[in-house]
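Heads up: the protein sequence lines correspond to chains A and B, in order.
Counting from 1, position 275 in the first sequence corresponds to residue 275 in this note's numbering; the numbering is continuous, with no gaps.
Counting from 1, position 318 in the second sequence corresponds to residue 684 in this note's numbering; the numbering is continuous, with no gaps.
Keep in mind the hints are simulated off the structure, nothing from the lab.
Take these hints with a grain of salt, some might be off.
[Stated by the list, open to error] Here are the simulated lysine-lysine pairs, DSSO-like style, with alpha carbons at most 30 Å apart:
#1 Lys6(A) <-> Lys910(B)
#2 Lys6(A) <-> Lys870(B)
#3 Lys469(B) <-> Lys520(B)
#4 Lys520(B) <-> Lys6(A)
#5 Lys870(B) <-> Lys304(A)
#6 Lys215(A) <-> Lys870(B)
[Claimed, not checked] Some but not every residue of chain B turned toward chain A, in silico, with C-beta under 7 Å:
#7 Met742
#8 Pro744
#9 Leu852
#10 Tyr853
#11 Val856
#12 Leu857
#13 Phe860
#14 Leu863
#15 Ala864
#16 Cys867
#17 His868
#18 Thr881
#19 Pro882
#20 Arg883
Beta carbons are placed, not taken as given, at the ideal position from N, Cα and C, and that holds for glycine.
This is what each chain is made of:
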Amino acid sequence: MLKEGKFGPFETMWLLVLFCCTKLILGFPRTMIMLGGSAGWMIPIISAIPVLLGFTIIVLLLKHFPGQSIIEAGTGAAGPIIGNIAATGYLVFFIVITAMVLREFAESIKIMTLPMTPLPVIVLSFFLAAVVCVYLGLEVCARLSVVIAIPMLAVIVLIVILICREYNFNYLFPLLGKGPQKLLLWGMIKCSNYSEIIFAGLVINSIGGWQQTFKTGIKAIFLSILVSAMITAVIIMTFNSQMAEEFYLPLFRLTKEITIGRFFQRVEAVFIIIWTLVGLLYCTLGLYAATAIFARMLNASDYKPLVPAMAMIILTVAFLPHDMKAAVVLDSEIIRVYSWLISFAVPLIILLIAVIKGYKPKFKRK
Amino acid sequence: MDIINLVKKLLAFQEPEAENTFILVENEAETGHKNDEDATCDFLNGVDYKNTKISPNLTVNRKIIEKLFSVPENSDLVIKEFDIQSNTPLKAMAVFMDGLVDKAVLHYAVFEPLMLRGDHQSNHPDRLASNDGNSISIADYILQKLILVNQTKKKDTYGAVINAIIVGETALFIENACETIILETKGWKDRTIEQPLNEKTVRGPHEAFNENYRENIGLIRKTLPNHNLMNDTIYFGSEQKGFCGVLYLKNITNPSLVTEVKRRLSSIKTDYIPDSGLEQYIEDHPFMILPQTRVTERPDIVVSSLLEGRVAIIACNSPNAMIVPATFWSLLHAPDDIYFRFSFGTFLRVIRMLAMLFTLLLPGLYIAITNFHQEMIPTDLLFAIAGAREKIPFPTIIEVLLMELSFELIREAGIKIPGLIGPTLGIIGALILGQAAVAANIVSPILIIIVAITGIGSFAIPDYSMAFSFRLTRFFYIVAATVLGLYGIVLVAFINLALMCHMKSFGVPYLAPFTPRSKGGIKRLFRYPIWEQETTPDETNPIKRKRQPKISRGWTEKEPEGRKE
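Just chain B, with the same shape it has in the complex (with noise of 0.2 Å):
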């Protein structure tokens, strides 16, 4: 037999060993898990230590802790042991997560007055006697004498400590004790309160939200001191355990939104959630292209949003808040329109209506007119029109699809490309093409302006989901423009216009109070000078529908003291 190997190896070829010989293989069999649920680390050895009570041994702790998080293979939970300072000096134990804690507060507010400051005398392994005589149990006594931190609070489970530790508090075990201290030591780096990035402003506040979901919720409180606002914290998530606030005026708001709000957030069963995608897993119509929540940066929108009865949500580590429930007619207004006069405002919005329908209908309208209705255009035009299409190859399709899609994306890798580069590649990226498209005779110069209008019409838009919902719908308006001329556009006009009557946000109609038409509707779609708006949106159905008095500027029907004399 050796002799035939030896000839083998000898004659045959043999294929060298590959060097990388990794491969990414299923290894539900070699862990054998059974379930999904078995393959969450709230499950070791069988046993489900998500509701398991603390050990009073601080040993089985460690023991259990370092499974659950897989110590040392994860290097960033650090486990310190120490003594606390007593006549009969006590073991304990604190678990955080290094990068999230504040050190400064675990060093000044846990461990100096726990290590050097004890003084007490044990008289049972659960309970101590202080210098008063009276028996308290450890963990009471900790809290109540020694630990300089501000919030704190006592856990049984390992699932709840494991839930505080992955945020950022502390758990301190305490030898003896069977509950665990959870101390709210939460520091790492955020961004610093800026200007609005998406939504700018003239007038009114330049301070938008950042990651810090408590200073987002203290701007909000900062901006609207009331002792009826109310912020809920609902707890979602299974591998990320992401949490949001639900603020609501409790005066204000209808509670059955309220309710509504929290019963669809708490049902969320994922392992993850992006921040900013939450309204994903809570819209109402999810296959529609409209947006049907508000997402704004700026704490100023969402205090006029709480005062008029809606909800906002605002996410841990999400620079935006969530408004529900939204309408087509809330996402088309933007916060100068009430910082600025009345007849600013109105003209404001009226403008930009007039943009949503240019980005909406401009492309499609020139495809209509030039390849079916040329009877509509005057003559004069009519000529400028064919002179400047004489020498384009394209049909007018292709011309406008092609101008479109380039326009898309140099928008697309503006935004993009970091820096200063974005801003100058999109506008030396649109002039180049532009100019060097009319130069090489592929596209009209008519065309150019047409596709110009359509993105600033689409930029004038205040809230980017439902510009980025135009542009998108559009393209069905080109594409029925080629195939039906205006006849087509009035077709997907039709449909679209029904399927905006058939949407609603949180059980809000999307288009009301234009249908159906509820009190004082006309006011808020355009800017009736504010003292004339003394109602709160009927659409939101709130407790409270008084805002102000009909007569709202008092002065107006006092004399002036000068006339008296």
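So that you can see chain A by itself, here it is in the shape it has in the complex (with noise of 0.2 Å):
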């Protein structure tokens, strides 16, 4: 058993949203608003039903097997080969969608901040800090994410308010945009963009058992997608759906309107700080979730001696795109088109089965 160290529902919350909203700073809203139109703002909203539903099959599965993470419950469940199969799954799962992130913020940064330095040099020392952060232990990744969250939520507010000038309501017109069967169609699909949500699965032990998980759980989702939908209407309404498309990083775009009198122009820099501070704790998260399931796998009792083999694993992965283009295309159109199939339908099946096999409901005993 890893031991993992403990924290409060406050850091859960936190981490969860952190872990599930990072995307927004990157490709997240144009995916939405390409998918959606004027109503790209909805599809996080309906996503919030399959994300509950699958988050929900999570928790029932862990209710099944008290003091077990979803990869031991796995096991439990379905036996060695089928839960190392599916452990297998999120382990990819993590891997690649963590080395699609590093790579799209690393291009993210070069463009932003950094035109003239080397891809590697960022790619590599934005990984490093990760990898020190991963080595101090998941408390510590639980406790930044509310050092990080508080001025991220403030940045979020701020951006909010400050371009609030140029927003023109008219844009969210018509009301569906690319229709109501696109929009159901995409909602259920794009639930992937919360697959991160089976980390509170992995770490259960900490959160402190299945009904904690639950209830942070939810409230961790319903932020993520409150922030999620605000963010995209907010884009929307400022560029309208047509131009919104146009950017690769939207967001960033955004803060590049927002204009203070005349001394303060060029404020987006200032956000690129808390931007980065978000991406570097989703690598440490990313890559504390490979290695913890790795971990697991193997019945080791520390996570620690695997760092540097699956920070090895990730960096080489995240290299594999030939472009920001290629690495944006595999995040947005492949792995949040089909990861909820590893998140939320694995822990379906693993549930059927503990439920055939005649397992029931246990509460940890006082």
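Assembling the complex is the task here: the two chains are given apart, and the hints tell you how they should meet.
The structure is reproduced here in structure tokens:
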């Protein structure tokens, strides 16, 4: 059993919110607008239904195996072979998604602030900071998420307020954008955007049992969806849906529009500080998740010896896409379309196996 | 042979004998010490005198004491033999360290009563018959009837006697007695209670600790008259017999915290502990730059910390008290925050946080913005900076390092130079250096402003160790900004924050109550009204949490007398 420390509901909530919302800084709003047009902001709201359902399935599965994470629960319910196949699925998901976010963030930093710096320097330094944090442990990640979340929230509120004079509510029409069918379909499929919520099932013992995980997870999902929908709507209201589709980094573009008098005209650089912190935390959590899954698969008592190897794998995967466009396409058009199969469908299958085998929900003795 | 030697002496060159032939060599072989343990003064001829019982023979005792203290080489030890006044005079010997005892106490409370007022009859070598006919031991008789000293105790081993003598107590050996009387006769010159040197306040008490342990404890007891205030003495060290007092409030402080503090202190084994550097032996993360104990010279800070469920450690001869556990936020708080009204207190805390950010980030940000992100600077300001830097031959990093190091140099020299010249040198050095550097086009005037604000920011941080740690960490940010601009600063900040989240001080997370969040934490981060601070900090897990009821200002609930009329 891994020793991961304990943290409270406040830390858990912000940890999950940041893990789920980091993509807002990258191409997420653009994808939503491309799929839903002027109603792109509705897609995250529609996604809430499958995400909540999927999260309930994860918690139900964990309810059958108190004191165990989603990896041990899979092995316990479906046996070592199916359990390890499922764990490999989670592992691959976290490796690929961390690598893609790492690449996208590094490319964004290159575009935004360091155009002359070689990409490997940015990627390596970015990931090195994440590796240091992973070595310090999950408890540190949870506390760090609170430290980062509060300025992040402040920045989002600030952006929404400072850009308000650019709003044109007419851009939100037609209200149903590219049509209700498309909205519903993509809303369901794009629940993959919140696949990171499975992380709660991985660190359930640190959170404090399934009841606490469920309560905090639901809050985190609602907050993440609210922030996602709000940011997408603000982008649509500022640029209109056709124009917003053109931007790879719409939130960055949004901050470029902020002007406060003649003196403060290029305030976007200030936001980059917070964004980089959020990206670093995402990579830390992704690397931690991948390493912890692998350690659990090996029944190892400590994850730290696996960190360098896992870091190397993620770095290698991060350099596989040819350029930023390839990374964005891989992220938004493949991972974020099919990842629900791993994050929600696999736990459902394992839960069904557990129910068929006659496992009943248990409560941990106090 | 003699002829050959004579020829050699006449013809061959002979080196003149060196005037100073002293060479410091290892003398382990000469003295025959087998190990370090044998080398201590507690061993004589292979006998461990530390635990050896006192001899009833005065001559034997004298010889042992002389050997243990290497008399007469050690000229400070005073051994005074005298007769205790009685029908059958009794031989006695007082041993004390010159300079550590109060001679008036020794004279009037020890020698005078013993030598002039003794009145007893001996019927047994070890026992006496007092005037009322009862038979008691010599030591007890002297303690009960003759000695006028306040604190006395009996010891029966040489180790305990030596420990007493070296801290200024007097050992009284009596012929035929198997115990030695230890008399509290400490008395040396101390600094009087003065104003705090490093923690000045506008309001509140203006008294600080000095080097007298007893006076320091007295200052705390005076400020906090509470029967639950405990003071446990812990001894440590081998060559230097040091001790410290562990102070806590029995009804508030978590007992496991007290146990842990005592465990760490009592486990210290070393020959010398600098009185004010004790924290280096007990802190959780010795390699972290940030301080993990709060060191203060103010009794009022100690008292407020004790009431919050913390533990104070006061080392002997130290003019500082150490408070544990310390959190990041507690090190940024100052007494004035509480003495002033809450609005001013909150403002002061915000200013201090800004000062912290300036100290840490300002030089790094200047480098990052001027070298990497010129687009961030508004156009007018950009022209001003570019104009100022036009004639500067150095890259920004050299310019910044030059000024920062000069500033540190002036600061260090200002502290070391005695008397009033120190601050004067600081001002003159900074002014002249800055002005000359700008005039010589070595640094830009904007950089002078940056360095000055950074320096002022570091002075605004109340804890000296904390300010020092920021001054040191600042250089990491400068290097990171030089290499990777703003992005580099964020990377270092991320690692810095992660390390801070990882740190603990005596089991309490360093960033508590911000993260992990605890009940009522926000009320202490920003200074809420004093009547709203109803509980002690949650992070110290105190036994008693409630400090005051929900409505502490009872008068707000009652109608004024005048209105009834």
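Can histidine 868(B) be said to touch chain A, with a Cβ gap under 7 Å?
Histidine 868(B) check passes; min Cβ-Cβ to chain A is 5 Å, inside 7 Å.
Should the hint that valine 856(B) touches chain A count as held when the rule is a Cβ pair under 7 Å?
Holds. Min distance 4 Å.
Against the 30 Å threshold, does the CA-CA distance of lysine 469(B) and lysine 520(B) hold or violate the hint?
holds (21 Å)
Can cysteine 867(B) be said to touch chain A, with a Cβ gap under 7 Å?
holds (4 Å)
Restraint: methionine 742(B) near chain A, CB-CB cut 7 Å. Satisfied or not?
It holds, given that the least Cβ distance between methionine 742(B) and chain A is near 4 Å, below 7 Å.
Taking the closest Cβ pair, is leucine 863(B) under 7 Å from chain A?
Given a least distance of 5 Å, the restraint on leucine 863(B) holds.
Going by Cβ atoms only, is proline 882(B) closer than 7 Å to chain A?
holds (6 Å)
Restraint check, 7 Å cut-off on beta carbons, for proline 744(B) near chain A:
holds (5 Å)
Is it true that the CA of lysine 870(B) sits at most 30 Å from the CA of lysine 304(A)?
Holds, because 20 Å separates the two Cα atoms, which is no more than 30 Å.
CA of lysine 215(A) to CA of lysine 870(B), is that 30 Å or under?
Holds, at about 29 Å.
Interface hint compliance - leucine 857(B) to chain A, C-beta minimum distance less than 7 Å
holds (5 Å)
Would the hint linking lysine 520(B) and lysine 6(A) be met if the CA-CA limit is 30 Å?
violated (52 Å)
In summary, the one numbered hint that this structure violates is 4.
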